[in-house]
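The lines below spell out each chain.
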Amino acid sequence: MDHNGNTELRENSFWRKYLFSADHKTIGKQYLWLGLIMALVGGILAYFMRKQLAWPESETLTPNVYNAFVTMHGTIMVFFVAMPILLGCFGNFLIPLMIGADDMAFPRLNMLSFWTFFVGTLLLILSFFVPGGAAAAGWTGYAPLSAKPIYTGVNWGLNLWILSLALEFASVLMGGVNFMTTAITMRAEGMSWFRLPLMVWMQLSAAIIFMLSVGPTIAAAVLLLLDRLVGTGFFVPAQGGDPLLWQHLFWFFGHPEVYVVLLPGFGVLLEILPAGSRKPIFGYRIIIYSTLVAGVLSFIVWAHHMFVSGMNPNLSMPFSITTILISVPFAIVIFAMIATMWRGSIRLTTAMSFAIGTLMTFLMGGVTGIFNGSAAVDIFIHDTYFVVAHFHYTLFPATFFAAFAGIYFWFPKMFGRMLNETWGKVHFWLTFVGFNLVFLPMFRLGMAGHMRRLADPTQYNFLSTESIKSTQIFITWAAIGLLIGQAPFIVNFLRSIVAGEVAEENPWQANTLEWSTASPPPHGNFEVRPIVHHDPYNYSSPDADSDWLPQDQSLEEITT
Amino acid sequence: MHGTQANVQPRPEFGKLGMWWFLASEIMTFGGFLAVYILYRAASGGGWTETAEHVSIALGSINTFVLLTSSLTIVKSTEAVNQGEYDRAKNYLGWTILLGVVFLAIKGVEYTSEIRHGFTPITNIFWNFYFALTGLHALHILVGIIINLVLYIGAVKGTLWREDLGHRIEVAGLYWHFVDIVWIFLFPLLYLSY
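Line by line, the protein sequences give chains A and B.
Under my numbering, the first residue of the first sequence is numbered 1, with each subsequent residue one higher.
Under my numbering, the first residue of the second sequence is numbered 1, with each subsequent residue one higher.
Looking at chain B on its own, in the form it has when it is part of the complex:
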């Protein structure tokens, strides 16, 4: 018998499976948020329309496009890893990080202009929800950027490709897609429903 410690080798399916279970619980968390929001909004009988139309549909749409594109780039990155083209994988990962940062920057511009116009997190129940939901989502984006950044640094150093760790991009991609999908729900619910 050799090295009892070394027996637990990280295997690709560990990470993917673990991430799926984590996402299952995340779905329930965001599901809870969205259910509450929808219930409140339905109960308001259209009373929120007046205040809700002050969100910027233009910026929201641009952000939707940015986030969807970033999902594409991380898929491209995974694909490149699987084909052994590590340079291409690294570059696509970089684009994903950049697009994530652009998303947060645009979100920051939105927040600033909204608060300047007097719509703060405590203005009324709609803005309570708007800031809570988008804020929590932005936090998830930030976590995703950090994860991708750690992988990117590993890719630049070359350590990421060791010991078949390339699948980590796929696992990070699962998370990134999830955050993207949450936005796909948030965007129509917060920006488009009158």
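Here chain A stands alone, though its shape is the one from the complex:
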């Protein structure tokens, strides 16, 4: 350990070390904290919405506040929980370690990226407290509802919402530039493209998809802000504008964004499943090619969100076809994951449990996506709780199950201590059962015609039946259970940072490079730059003595 020599060389003050750090590991952890805290905020918003829906007579939230909460819940969970944890934390922490580099290509840009993100988060939180309250036009900000303050009664709340998203986009763009440049130029000797851990492939694919899709939405956001502040009429029909255009520009990015979140989640699984099954990954290259195909297809599916928007109906068929087509590459990846586990010696750690839980729940989301993607079916279920259930079955697995899997897996590397496995399993079962109890009944609500974003469904007779009401109350209790089920995690997480069992270098006996250095890795990551000899999933190789073969160990080294 060169830790002391290291500090002699470069005295890091407290501020430089923990707060304004340019070290990718610290930045990754900062993103993790930010994401987890925002997840709590988003969860609490969901609790109030559920309370209002189960007992509308309690008037927990006025319709205006309910709209704001719906909007902010979606915005926070997608942009300020999923993005910082899956890309910000895992991407920043793992990419340099996994490719054997000592840091990102642009460490200071990385720091700027985090603090831009941080300011964006502050603006979003601040927007709750400005006169008129937070943005209330839905997380999609549909025009013309969002185009003039009088339509929602929210003025600065929505302006701040746009600004905070702009900062977030700028931050992720900086991150993406960093990810790409780092992976292209700083790979260790022997780390060819097809020896890269799949996590890196997934992060890079996500970064490219993000960088190439966010542009039109930035353009739309600028135009929307001009509509609101200057009085232009890009999205206001009375002034010659076209509100439908907002939907096109938003979903051109909004749909690929789903994959931006999903792919790093898959990346987590693709690392944990082979290590937890003691088997090489099934179809390494096929997974990469499928991901690239899905990435290309993700740019031509967006209008499946708009089947009932009033766009030209002739567009429905092509977009239905591309949407259903994109399930093929993703199905291939899922099958590869299942095949990886097939006949493996499964070690059912908490991380592995969450990984399998991700697969099971995401499968439901994927399958119901086919329903939504077919225009004929979508016309019936559009804007109902069926859609709400569907996207929670896709995004919750990615944002929470996969993220938890990753946290349980890489926590030892991040903090140098182990999380408690028993409490981890308790956390898993509470989350898994709680999640399904909350969202499975929502499919039924949707089939019964329950619209989204209703503050008081009992205003409709067909939603006032005893059966619907009791389902609502059941979902709310389940949601409360799901929220309380996170308590073991919070306690475990905080306690383990200071008092967890000290982690060894490679507690999961995994192969990728981050496990070949200390836990946590020193500043600069590796004492000696690693040289890569193998692909990353060499488990149970007949040539090696142990059932794992780290990427930086050559077979000769072991046998002699």
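Note that these hints are calculated values from the structure, not bench results.
Note that CB positions come from ideal geometry on N, CA and C, so glycine has one too.
Any given hint could be a false lead.
No farther apart than 30 Å at their CA atoms in a straight line, the calculated lysine-lysine pairs in the DSSO-like style are these [what the hints assert, rightly or not]:
#: 1; chain 1: A; residue 1: Lys17; chain 2: A; residue 2: Lys29
#: 2; chain 1: B; residue 1: Lys76; chain 2: B; residue 2: Lys107
#: 3; chain 1: B; residue 1: Lys76; chain 2: B; residue 2: Lys157
#: 4; chain 1: A; residue 1: Lys17; chain 2: A; residue 2: Lys469
#: 5; chain 1: A; residue 1: Lys17; chain 2: B; residue 2: Lys16
#: 6; chain 1: A; residue 1: Lys29; chain 2: B; residue 2: Lys107
Chain B regions said to be covered by chain A (calculated; three or more residues, Cβ under 8 Å) [what the hints assert, rightly or not]:
#: 7; stretch: 71 to 83
#: 8; stretch: 89 to 101
#: 9; stretch: 182 to 192
Listed below are several chain A residues computed to face chain B (Cβ distance under 7 Å; list not exhaustive) [what the hints assert, rightly or not]:
#: 10; residue: Ala105
#: 11; residue: Gly215
#: 12; residue: Val230
Once you have looked at the hints, place chain B on chain A.
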């Protein structure tokens, strides 16, 4: 092992690669803007002609010439750096900055006369677009001028030539060319299409 911190040395390809990725996303942003504008204009069925002919083709053409020349000077600057002629590189960089400022000044004259004649950013949908697109472009020019100015100051002090940092002019040049190319699209779309 020495200085773990110092291992990340800025290498020329870092900057260039990073800039290319940034420009890729910028292309999508301006592409989005231009696509929206073209769609609206096509949908208007020629209804914008009357109001659109109040832009000044003369000033727009002069600005096009100014910007193209500035692209030439920054190329000359890069070339001079590569040949180790730092004084010449510095001077060409100065010309690039000056031409950028001239561009903004002419743009300012245009804006003033247009607004005086009653064509403000909220007059109608064409002027909405005109001000949004050229304004965003002008903002990019301003950023480019600032970047070039920072490099120029470094060149005057001599610090720019240290540690093989001369390639920064090339990276700044990539950005400057991009802003130039955006104008090459904006000029015909806004000024010349009737």
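Exercise. What hints, given by number in increasing order, does this structure fail?
Worked result: 4, 6, 7, 8 and 9
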